[in-house]
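A.B. asks: Can you build the whole structure from these sequences, using the hints too?
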Amino acid sequence: MVRAVQAGFAKYFPDKKAILINSDGGSTDGTHEIVEKTVIDDFQPLLIDRRQSLLSKIVTPYHGIPGKGSAFRTIFQIAKELRVKACAVVDSDLRSITPEWIDLLIRPVLSRDFDFVTPYYLRHKYDGTITNSIIYPVTRSLYGKHIRQPIGGDFGFSGKLAEFYLTKDVWESDVARFGIDIWMTTTAVANDFKVCQSFLGAKIHAAKDPSADLSAMLTQVVSALFMLMEEYPDKWKEVRSTDPVPLFGFEFSVGLEPVHVNVDRMIGMFDLGIKELSALLTDILSMDSMKELIETSTSNPFTFTDELWARIIYDYAIACHKKVMSLEHILKTLTPLYLGKVASLVMDMAESNALEVENRLERLCTAFEKLKPYLIEHWE
Amino acid sequence: MDNVFIEPLKRFIERIAAFLPNLLIGLILIIIGFLLAKLCKAIITRVSIFLKVDALSERIGILQALRKSGIHEPLSKMIGQAVYWIIFLSFIIIGLDALKMPAVENLMTEFLLYLPNIVLACIVIFIGYLLGNFLGRAALIASVNEGFAFSGLMGKFVKFTVFIMASTMALELLGIGEDTVLIAFAIVFGGVVLALAIACGLGGKDAAKEYIDKMLQEKKEDDDITHI
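Here the protein sequences line up with chains A and B, keeping their order. For the numbering used here, add 288 to where a residue sits in the first sequence, where the first one is 1. For the numbering used here, add 1492 to where a residue sits in the second sequence, where the first one is 1.
It should be emphasised that the hints constitute simulated quantities derived from the structure, not laboratory data. Be aware that a few hints might be false.
Said to hold, decoys possible - Once the Cα atoms are required to be at most 20 Å apart in a straight line, the calculated EDC-like pairs of lysine to aspartate or glutamate come out as:
1) B:Lys1544 to A:Glu646
2) A:Lys610 to B:Glu1550
3) A:Lys658 to A:Glu646
4) A:Lys563 to B:Glu1638
5) A:Lys611 to B:Asp1546
6) B:Lys1648 to A:Asp571
7) A:Lys611 to B:Glu1550
8) A:Lys611 to B:Glu1638
9) A:Lys610 to B:Asp1546
C.D. replies: Okay, here's the thing in structure tokens:
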């Protein structure tokens, strides 16, 4: 990671001053020593002749609530103090980062006056399912921008936007713990900053943590999304159409590792959820949604329609807004329904290529856009 | 004849005559209390509405908790009702005290001493009910998300265990049964656990084996999906 960043600056911004910041939450696995010591000794194999002065590094622990948001706040503060023109943040567990990422995340800010650069990855059709089935369609429908990876985690942004982020009083809230990615994207879009996307190629992480709890992850991401709906109701209610966002970088295709999916298990979890949680779901969902959901559980072959899914997500947003019960309980009941929708999408896209998958997701997004008046009507 | 009938009758009439003003005062006090309670209830309810107590209770989740517990009254109305009963009951007690009857006075003293226990017991039962609902629901959702086949049973078990524990505490506060209730609870709870253990160990060992095998198999066939 450190070498990729260093090579990126040396190759694409040799005449600029650059600083690499490791905002650390007090890790004991030697991260800060690695960041401090890792350097590229020989730039010749990378065909880099004209190199900048040595990349400066700041390795600092962050303060405040433990979480990615607090780490980012430290980066924003340093960016403000140093009056940087552009900044990029990348996940530290990336395995597929290349020096080009630095160029693609920073150049749109420096040479095209964009304020926020979101990533556009090549991912396996079954990967990023929370993004594909909830975050992307909802963000697009609400704020009117086709940002394909709103919670990608690897962003570029201007110094002006970093300063703006610091003016927001969210650093003692859940944003500091989790949800910083969707918060950054939504804040940029809702406050009319210039947003674009950069094609970064494949996104490969370190092996996923087997103990990672899907339900907790889903709850965190969706609660952040809904929390932002509370903050910008006037903004998203007035958006009536959606527009593409400029995409930079050369689009190419790569072979992606196959992803194993246990569809039967997902449908089993969905059925169990409908059977056991129906009393709670009745309080959360509209009568029509509940009726259709029960019909879905008995459908053969199993089909979870986009219209029903969009209405369910809007019902959840409304239920959270009206606090029909504890927010955590509301959001945790979404897990089995989400698994049902993922199972349905997986079956739909089994034989699809990348383009067909995008077309399929386009249909899903259209369903969310068509149902937006339903959300607005029931919000108050 | 005078000593046998007239004297006691005279004394009785004298006592009645002495008691009547007290009764009248008592009745007047109770009527005043009733009217004052009504007035205070109306004022407090309006003040609560003016201070947007209902909106506040909705925002901090009290209203939802009450609604989930089967109480659909707005909080402003409930506060008004509570004020009404506190004032009215206080005046009933003052009114009864004004009768100056030793038996009633003793009864009232005992009742007043016991009253805090009744209030505390009601509070414990109410909190137990809310907590039982909340934890039962949390257990149900967590079990479903873990794919546990008997999630409904798990949720109910947690809910009723919390409620029974709260009831036991309430009965102990009221001084009913005390140790008996505690021992009975321990026996019943232990019995249920033992019965489940025996049922699983003997009757359901094949089913348990099948279930564990299935769980392990499912773990092996877990998804590689990166959801985020």
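A.B. asks: Checking one constraint from the list: CA of Lys658 (chain A) to CA of Glu646 (chain A), max 20 Å. Satisfied?
C.D. replies: Between Lys658 (chain A) and Glu646 (chain A) the Cα gap is close to 18 Å, so the pair holds against 20 Å.
A.B. asks: Within 20 Å, alpha carbon to alpha carbon, are Lys611 (chain A) and Asp1546 (chain B)?
C.D. replies: holds, 13 Å
A.B. asks: So if I understand the rule, the pair passes when the alpha-carbon distance is 20 Å or less; does Lys563 (chain A) with Glu1638 (chain B) pass?
C.D. replies: holds, 14 Å
A.B. asks: Checking one constraint from the list: CA of Lys611 (chain A) to CA of Glu1550 (chain B), max 20 Å. Satisfied?
C.D. replies: holds, 8 Å
A.B. asks: Could you grab the alpha-carbon distance between Lys610 (chain A) and Asp1546 (chain B) and see if it respects the 20 Å cut-off?
C.D. replies: Status holds; Cα separation ~13 Å.
A.B. asks: Compare the distance between the alpha carbons of Lys1544 (chain B) and Glu646 (chain A) with 20 Å, and conclude whether the hinted pair is satisfied.
C.D. replies: Violated, at roughly 49 Å.
A.B. asks: Straight-line Cα separation of Lys1648 (chain B) and Asp571 (chain A) no greater than 20 Å?
C.D. replies: Holds - the C-alpha atoms of Asp571 (chain A) and Lys1648 (chain B) are around 18 Å apart, at most 20 Å.
A.B. asks: Would the pair Lys611 (chain A) and Glu1638 (chain B) pass a check requiring their Cα atoms to be no farther apart than 20 Å?
C.D. replies: Distance of about 25 Å is beyond 20 Å: violated.
A.B. asks: Quickly compare the C-alpha distance for Lys610 (chain A) and Glu1550 (chain B) to 20 Å and report which way the hint goes.
C.D. replies: The hint holds at about 8 Å.
The structure fails hints 1 and 8 (numbered hints given earlier, in ascending order).
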